[in-house]
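Residue numbers (this note's numbering), protein chains in the order written: chain A, 16 to 132; chain B, 16 to 132.
No lab work stands behind these hints, which were simulated from the structure alone.
Be a bit skeptical, because a hint or two may be false.
No copy labels: a pair is met if it fits in one copy or bridges any two.
[Claimed, not checked] Here are the simulated BS3-like cross-link-like pairs (lysine-lysine), alpha carbons at most 30 Å apart as the crow flies: (1) Lys70 to Lys33; (2) Lys117 to Lys54; (3) Lys117 to Lys66; (4) Lys97 to Lys66; (5) Lys33 to Lys66; (6) Lys121 to Lys66; (7) Lys33 to Lys97; (8) Lys117 to Lys41; (9) Lys66 to Lys54; (10) Lys97 to Lys121; (11) Lys121 to Lys33; (12) Lys117 to Lys70; (13) Lys121 to Lys54; (14) Lys33 to Lys117; (15) Lys70 to Lys121; (16) Lys41 to Lys66.
Number of protein chains: 2
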Amino acid sequence: MATNLYDYAYELEHALRKSNEFIYLKQMYAAVENDQIAKSMFDAFRNVQMKLQQKQMEGLDITETEVMEAQEIANRVQSNEKVTRLMEAEQRMSTSINELNKIIMKPLDELYGFINR
Amino acid sequence: MATNLYDYAYELEHALRKSNEFIYLKQMYAAVENDQIAKSMFDAFRNVQMKLQQKQMEGLDITETEVMEAQEIANRVQSNEKVTRLMEAEQRMSTSINELNKIIMKPLDELYGFINR
Ligand SMILES: [Ca+2]
Ligand SMILES: [Ca+2]
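Sequences and hints are given; from them, build the entire structure.
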């Protein structure tokens, strides 16, 4: 039965790889990768995001300077069409992944929901 | 294409629901639910786990008393066969879910791996 389960996962993986969302995301990544300015903006934005997430996870306070720095980079990034298209593509992919997860995890959600009533 | 993607997810959900791992997990949950002693041990163990996880997420220190309390409950729980079987079933299910996720997320892992080279 376990092998069968993995077969279905491989079929979903294949469908994901061929999906419009994923193909579009790859194209938008390539567009940013091949543009030095877009690439450095995107990297800077990602680094600030990761730094703030890391601090949050460690329960550390985020300073006013850091909030302002993040906002400044976010504003700059929004002026670059390639980067904003990539961020939209990532957002769309992430929404699809969340919906896929919700579908797949339904049996477990039901079981835990029943238990925690 | 998006509809198609969800079709594959629904097929995987269906397979998960019919899998040996999931059916066994449901049975082990029912066994604990129907045994007052096992149920209260399991609930106590889960509560302590959740409390410690919550503190970790908030970056708070876990006291020596809390570690000892958690260990004491873990020891007690290990003496109950129904609870240990349920915990093993959960562990097995969780391992399968992780492997399914690894398979499904491969396209995205490859894309991000390529980008972050
Ligand atoms: Ca198949
Ligand atoms: Ca189908």
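Evaluated hints:
1. Within a single copy, Lys70 and Lys33 get their C-alpha atoms no closer than 36 Å, and across copies no closer than 42 Å, so neither meets the 30 Å cut-off.
2. Taking CA atoms no more than 30 Å apart as the test, Lys117 paired with Lys54 passes between copies only; the shortest distance there is 28 Å, against 33 Å inside one copy.
3. Within a single copy, Lys117 and Lys66 get their C-alpha atoms as close as 29 Å, and across copies as close as 25 Å, so both meet the 30 Å cut-off.
4. Proximity of Lys97 to Lys66 under the C-alpha cut-off of 30 Å is restricted to the intra-copy arrangement: shortest distance 23 Å within a copy versus 44 Å between copies.
5. When the C-alpha separation of Lys33 and Lys66 is checked against a cutoff of 30 Å, the pair qualifies neither within a copy, at 33 Å, nor between copies, at 42 Å.
6. Taking the shortest alpha-carbon separations for Lys121 and Lys66, only the inter-copy value of 25 Å comes in at or below 30 Å, while the best intra-copy value is 33 Å.
7. Only within a single protomer do Lys33 and Lys97 lie at most 30 Å apart by alpha-carbon distance; the minimum there is 22 Å, versus 44 Å between protomers.
8. With identical chains, the CA atoms of Lys117 and Lys41 are at most 30 Å apart both within one copy (24 Å) and between copies (19 Å).
9. When the C-alpha separation of Lys66 and Lys54 is checked against a cutoff of 30 Å, the pair qualifies only within one copy, where the shortest distance is 18 Å, while the shortest distance between copies is 42 Å.
10. Only between protomers do Lys97 and Lys121 lie at most 30 Å apart by alpha-carbon distance; the minimum there is 25 Å, versus 36 Å within a single protomer.
11. For the identical chains of this complex, Lys121 and Lys33 are neighbours both inside a copy (24 Å) and across copies (13 Å), given an alpha-carbon limit of 30 Å.
12. Taking the shortest Cα distances, Lys117 and Lys70 sit within 30 Å of each other both inside one copy (28 Å) and across copies (27 Å).
13. In this assembly of identical chains, Lys121 and Lys54 lie within 30 Å of each other by CA distance solely across copies; the values are 23 Å between and 38 Å within a copy.
14. Proximity of Lys33 to Lys117 under the C-alpha cut-off of 30 Å is found in both arrangements, the shortest distances being 21 Å within a copy and 17 Å between copies.
15. In this assembly of identical chains, Lys70 and Lys121 lie within 30 Å of each other by CA distance solely across copies; the values are 28 Å between and 32 Å within a copy.
16. Taking the shortest alpha-carbon separations for Lys41 and Lys66, only the intra-copy value of 25 Å comes in at or below 30 Å, while the best inter-copy value is 41 Å.
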